[in-house]
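Listed in order, the protein sequences are those of chains A and B. Going by this note's numbering, the first residue of the first sequence is number 1, and it counts up by one from there. Going by this note's numbering, the first residue of the second sequence is number 286, and it counts up by one from there.
Treat the hints with caution; some may be incorrect.
As the list claims (entries may be wrong) - Restraint ranges, calculated between C-beta atoms of paired labels, are given here:
1. A:V5 <-> B:I497: 47 to 55 angstroms
2. B:P498 <-> A:S6: 49 to 57 angstroms
3. B:N483 <-> A:G153: 23 to 31 angstroms
4. A:R135 <-> B:V399: 29 to 37 angstroms
5. B:T291 <-> A:V5: 48 to 56 angstroms
Derived from the structure by calculation, the hints contain no laboratory data. Keep in mind the model is a prediction, meaning the values are calculated, not measured. Where is the CB? At the ideal position from N, CA and C, for every residue including glycine.
Each chain, written out:
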Amino acid sequence: MITVVSAPPFATIQDLGRFGFRDSGVPVSGLADRDSGLALNAMLGNDPNAAMIEWAVAGGALRLERDATIAFGGADAICSLNGTSLQARTVYRVPRSSELHVERIMRGRFLLIAVAGGIDVPLVLGSRSTLLSARIGGVEGRRLRTGDSIATGASASGIDGDSLVAAGSRIAGPIHVSRGPQSDLFDDLGWSKFLGTEFTVSNASDRVGYRLDGLALSHKGDVAMPSEPTCIGAIQVPNGGTPIVIMNDGPTVGGYPKIAVICKSEISRFAQLAPGEKLSFELTR
Amino acid sequence: MQEIPTIARLGDDALIVRFATTISWEIGSRVRAAAARIRAMQIESITDVVPAYTTLAVYFDSARVAFEAVATTIAPIVNSGEAALAESSTIIEIPVRYDGPDLDEVAERTGLAVPDVIARHSSRTYRAYMSGFAPGFAYLGDLDPLLVVARRSVPRVHVPAGSVAIAAAQTAVYPLETPGGWHLIGSTTLRMFDVDRNPPALIRAGDMVRFIPVDP
């Protein structure tokens, strides 16, 4: 059992996502920084799909009501346990009644806090992920609040204590993309602008989508296209507008041309870009 | 002469099949038939099959299967040109109180009397072209041409769940409280999206729908 002593402005429960219901308009949801989540679950001996806390924006505190094994990763944050500072991507066995304090997030967007055994909230349509728009998953389909009690699952045995340290996956450089279904609507000039621009992640960005400031991309031809299925990482270009990247809680269909799609291996790094951070794209296929 | 469907990548974990570029019943029917056949194959590495107006997407786990393999597997199905085997002939009836805040404005803009708007909206059987926008939201068509009005210039921030709405040639029910730019002409107490139901969406692509006026 974990008690939320002081909730940050935005924290939800997420696993790898909700599959099989996109034809009912249900987005996948799940951890925005999937790679960090997988690494933490592996370190803790959890199932890869075990749910954890995705924590954003600011500091706060949790109390571990029972003896627990924990690890955190994703965004760079200053965290301490009962006053002692902790390292990211490290497994800690902590005694009951310990308080984990997140002082603040230094860089990145989503701090992931995982516990051996995973967070045990009810499965909704096969997933524990929170989808705020539909108020499903996680804790009552909402953000965590101060005072919430969160159940944890039974811990698997065989965790190799503090010695496990997984490598961080932060790599610099342009975000790799493949051509999107409407890549042909953008001419050579459009493509050279897209690949030559340094974009800035807008403040108007969240788990639904990240808006990118920097350049309004124009495209040729009739763009009154019928809405069609989209995907996480799809870079949509509204008419005369700035690009929007569809994220985990984004709509399942969209009517804007998709110039490119962020490669799966790059989505986690992209998701960790906070408002104001700069990025560029590189076409790999 | 039928267009030959094209298959393209949609990122690393999906592909999109394009049957045509313009919307029609015939194309929609082919899209849904292909979606049903792909689902019936029950390929474990395929997680979702999503039909839309003129396209369908197949989502898969690229750690287990490659784009080329999925494309090769589904190519005979999408190229077969067969229409729907058996589209649902059941009509989903949705009781509606025609009490929406935009009903008078729709009447004014269409030049119709309010009872005529209600009669025209509730006298048709619609078919769901596609689901999306929000969980359980189904795009229903085609609306009576006299009821066609462009969507609101300023979308509402909060559209109540259960709102029955129209925009352009389509109608829909908002399953959840969301923002929305369609004209609200009525409301229903029916739950359009319910996670305790399988499937959770009351209306899915291909379903037929009728609106039944009930007394306010």
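Those earlier numbered hints the structure runs against, lowest number first: none
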